[in-house]
Amino acid sequence: MIEEVKTRKRVPQRKAYKEGNFYEHDTSRPGMNERIRALREESVNTPASLSIERALIQTEFYKKNEGRYSIPVMRALNFMEICEKKSIYIGENELIVGERGEKPKAVYTFPELTCHSVEDLHVLNTREQQRYLVSEKDIETYRTEVIPFWEGRTMRDLIFSRVPEEWEAAYEAGLFTEFMEQRAPGHTCMDGKIYRKGMLDFKREIEEEIAKLDYFNDPEAFDKEEQLRGMAISCDAIIRLAERHAEKAEELASREKNPVRVKELKTIAEVCRHVPAHAPRTFHEAIQMYWFVHLGVITELNGWDAFNPGNFDQHLEPFYENELKKGTLTREQAKELLCCFWIKVNNQPAPPKVGVTASESGTYNDFTNINIGGVRPDGSDGVSDVSYLMLEVIEELHILQPGNSVHISSVTPNRFLHAAIKVIRQGHGYPSLFNPDVYIQQMLRSGKSLQDAREGGCSGCIEVGAFGKEAYLLTGYLNVPKVLEVTLCNGVNPVTGKRVGIETGDPSNFTTYQELYQAFHTQLKHIIDLKIKVNHVIDQMYARYSPATFLSVLMDDCIRKGRDYYNGGPRYNTTYIQCTGLGTVTDSLSSLKKHVFEEGSVSMEQMLHALSVNFEGEEVLRQRVLNHTPFFGNDDDEADDIAVKVYNDLFDLIDGRPNGKEGGKYHLNMLSTTCHNYFGSVMGATPNGRLAGKAISDGTSPSHGSDTCGPTAVIRSLGKLDQVKSGGTLLNLRFLPSLLRRDEDVAKLGTLIRSYFAQGGHHVQFNVVDTATLIAARENPEEYRDLLVRVAGYSDYFNDIHDNLKQEIIDRTENVSF
Amino acid sequence: MPFLFDIKRYSINDGPGVRVTLFFKGCPLSCRWCHNPEGLSCTVQKLYNHSKCIGCGSCVAACPEGALRLTQTHGVVTDAQSCTLLGQCAEVCPTKAIEMSGRNYLEEEIMNIVLKETHIMDSSGGGVTFSGGEPLIYPKELKSLLVRCGNEGIHRAVDTSGHVKKGVIEEVLPHTDLFLYDLKLMDTSLHREWTGVGNELILNNLRFIADSGKEYHVRIPLIEGVNADEDNVLSTIQFLNGLKRKPTVVGILPYHDIASMKYQKLGRAYDSRGMNEPSKEKQLHVCSLFEENGYNAVIGG
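Chains as they are written, first to last, in our numbering: chain A, 40 to 857; chain B, 1045 to 1345.
Watch out, some of these pointers could steer you wrong.
No farther apart than 25 Å at their CA atoms in a straight line, the calculated lysine to any residue pairs in the SDA-like style are these [as the list claims (entries may be wrong)]:
(1) 1160(B) with 687(A)
(2) 1052(B) with 680(A)
(3) 845(A) with 1256(B)
If you're looking for bench data, these hints aren't it; they were derived computationally from the structure.
Work out the full structure, taking the sequences as your base and the hints as a guide.
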C-alpha cells in the first residue's frame, strides 16, 4: 500500500511540532537519525518471507506429547516450547527487541489452524503481489514433516467437515465470508494493566484463583483448573522468551567492540530481565513490555486484526513525564524508542492465507491500529506530548504498519486535530479519525460500564471494543447487495444458476416496491440466520480445541472466571457480522423504486434482462439510471431513507442475538476492509448501473462516484444513520492535496470533521490523492465522479474540467504533494 | 423568485469559513476572462457537453419543436431559431450531456438547502455567499433572502462587481455582513475595453461602502497582459489608501485558463488572446506591494 516511498526532491519547510509537519532538518531519507534510517530501510526493503520454524517446533511437540495433557495445558506447553526453542534475533541497531520469526519480515505458519499445501507455498513464493519468500528446501521439509501430521486435523478441516450444504452454497456464491476458516478469531487490544503489573503478578493472581476453586460445588472446577494452569504456564513462557533475549544481548555485548553499542546491549539485557516479569519502570521498559506481550499474542495464535496497544500515548505518558522530570530521558530519546517500536510492528507482515491463488493479493497489513488522543477514563482530554510525538513518528517514517488513528472528542483541542490533518495531507491515508463521543455511546448501549467504555476505542479498521476486557470477534463480511441480487432471481445465484437462498417470489410479479423490499428482507433474514448458526459451531470448536491461554492472561476477567478468551472468559463477549455494500444496495433499491415501480419507465423484466446481459446494448438505460436516480450520499432523503431502512433492518436482524458465551451478543458492524472488491467480483451487474465484477461500495461510504454534491452532503447522508446502533461505520473521502494547502484549508477540513462527528459520525478517513489516482480518474471518469479538485480560485469536480486542465493538474499536483 | 444557475455546498473559497454559495444568473459586465460564462445571461440557457453524449437520439425524439438533430461530428446540434428552451431534451438525456442552466427557485427551497449546512456554517464561522453572475441585479429577491438569512443568524456575504445603481447598494447594505468586492482595472477606458463597462460606478459604490463602515474584502483577478502591471496595482493601492475604511482582506486571484470547457458547453468560443497566467513571482510581488501598504493580501480566497 504505502511501502514504496518516493524520494523527496525538496525538503518541505516545516513548522514547530505542535503545529504539525515536523521535519526541521534536512533529511534526504525518512527517519530522525542514522539508526532509525537504517532500521527503517531494512524494514521496508526486506522482502516478506515465510518461516517454518514454528510449524516444525510445534509438529515435533505434538507428535511427542499429544494426549498427555488437557487441551489448555497442551496449548500452553506448546507455546512454552516455541518460546524456549525459537531463534532469537537482535538486530545491529535495535533498541526494542524481538521478532516473531527468525528475522524481520519473517512470518510464522500456524498449521494447527490452517495448513498450507505445497502448491500454496509455491504460489506464495512466486506470485507478483504480496509475495512471501520460502525456499525449496523449506517447502520440501514442510511436505515431509509438517503437512502429513496436520492434514485432515486442522481447525479449517474440522470446520469444513461440519458445515451444512446450504451454508456451503451461500458461502461459495460469495454471500458472506468466514473469518475463522483462515485464522483464529481475534480482535482484542491491550489496556493499561501491563504497565502496572508484570507476568509474575498475573501468575500470583492465577494461583490464588486455583486455590479458591470449589471442587465440591462447581462442576466446572476441573476445566477451570486446567485453563488456569495453562495460563500460568503461558506467563512463564513469555518471561522465558524475554530472558532468552537478555542472554542473547549479553552474549552480543561480550563480543561487541563499539563501547556505545555495548552499553545499549547491556541496557537491552537489563530491560529484558525486568519486563515482562515485572511491571515496567521506564519509558523504554514500557514499550518493550508491550512488545513482548504483542509477540506472545501473535506467536501463540494468529488472531485476526493482529493486536494493538490501544491508547498507547495515554499508557506511555506517565513514564515519559516522570523520566523527563528526572532527567533520565530526553524527548529525542523517547521519539527514537517510539520509532524503533513502529518499525518492529512493520516487521510483522500478516500471515498469508491458505488455498491462495496467484491473483489473490490480500495485504501485508495486519491491521494493528494505534489509538492516539481520545479521552481518559475520567472523560478528560487524552492528548499529551506523547500524542504529538506519535504524529511526528507517523509522518517521518511513513511505513505501512502500524496503522494509526486519532480520536477526536469534543474535548480534544483543535491544535491536535489540525496537527493530525497536516499529517493526513501528506497523502499516506493515515491517521484515520474516530469519534469517541459516539463510540463510547456505542459501548454503553451494548452494555459496558462507563469506565470500561472510555478505556476502549477502535481496532483493526473501525471496530469498537473495550480494550483489555472484551473479545470482539469478527465472523465475516455479509454481501448485502448480493442478497438483493439473489432476491431478484428468486433465490438463485444468477452468476452460476445455482440455488443459494430461499424462494421469495418472482420479482416480475411484484406490483409495489414494498413487495420487493419484503422479499429482500426475507432473504436477508434467511442468510443471516444461516451464517449465525454456523458461527456458533465454529465458536465452540475454538473454545474447546484451540484455547488461547496466553491471551487469556491479559484479558479481564478470564483469570477470575477461570475461562478462556474463546470461551466467554472476557468481561464482554461480542460477535460482529460486518455488513458490506450499503451504498450499492441503497442505490440499487432506489433505482428499482423509481424507474420500475414509481415511474414505470422500465419494466422489471427489462431491468432483469439488462442486468443479465451486463447492460450490453442497454447503455441508455444504464446512463439513465446513473444520472437520474437519487443515490446515497447526496443528502437526498429519497435515497437516504432507503439506506436508513436497510441499516435499521440489518440492526434488527443481528443485534442482541445471543452468541452462546455468558451473556455475549451479536452486534452489527459496517466495515468492508477490501472485501468489497471480492464481493463485487462474484456479482453480476446491479440495478444502480454498476457493471458485473466491479467493486461494490465500501463500508458505509456512498457508491464509487455517486456522491456529487460535495463532502457536506455526504456527511449529512451518513449522519442520518443512527451510528450508535453499530459497532463501527466507515467513511472514505477523497481530497486532492491542493485542497489542504493553506492552514486555513486545514482548519476548514477540521470543521468538516467536527461537523460530521457532531452529527453522530463514528469514523472518517481521507485519501489525499496522488498522481496515479488522477491518471486513473482521467481514464475511468465514471468511477471518479466525486473527485474534488482545487482548480484555481475555486474547487471543482475533476470530471467536469477540460482534458488539458486535467493534464495540467496532474503535473501540478506532484509539486504540491511531494 | 431568485433566478440561480447553481448552489454550491462546502464552498471554501468565497469568504470566511465553510459556506453555501448561491449563483445568481445574469451580469451587467462581460469580462473576457469570466470563468462563469453561464452566469452572464439573465435567461435560461442550454448547455451541451459533447464528450458526455452517447448519441442515443432521445433528445431529438423528445423535442416538440423538432429543433435538434444528431450529427456525426458535432453530436447534437440545436437550431437556435426554433428552440424554445423548454428543456425536454435535458429531461430525457440519459447522460446529462444536455443540461438547462438557470431556473427560478422558491425562497423556501433555497433556505432548506442553506439550513442543512447550519452546523458546519456555525462551527466554521461560515455562512451564505450571494454570488453570480451579479446578485445585485435582483435587488428585491436578494434583499428578501438576506433578511431571511439575517433572521436565522446566518453570516451573509455579497460577492459583487459593484456595477449597479448606488440605491441598490444602499438597500442591501444594512442586511449584508460582508461585501466581496471585485476590483479589476483602475483605468476606466481599459476597464471598458475588457469588461464592457467603465469603472466609475464601481469605484463610487466602493467608496460608499467604505464610508458606511461596512466590512469588505477586495478581490482582484490578476491577469498577465490585462491588470498585472505595476501601474495598475499601484493605482489600485492608491485608491484604497484614500478610502475611509480599509478592506479586511485583499484577495489576489491568479488568472487561469479554466473556463474554456464551459464556453464550449454554451456553444461559444473562448477568446483567451492577450491574457496569461501571472508567474508565481509576479503573484508574490503584487502581494508584497499590498502588504507594504499595510493590507492583508492573500493569494486565492
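Now for the hints, and whether the structure bears them out:
no.: 1; hint: 1160(B) with 687(A); verdict: 23 Å, holds
no.: 2; hint: 1052(B) with 680(A); verdict: 23 Å, holds
no.: 3; hint: 845(A) with 1256(B); verdict: 44 Å, violated
Hint 3 from the earlier list is the only one contradicted by this structure; the remaining hints agree with it.
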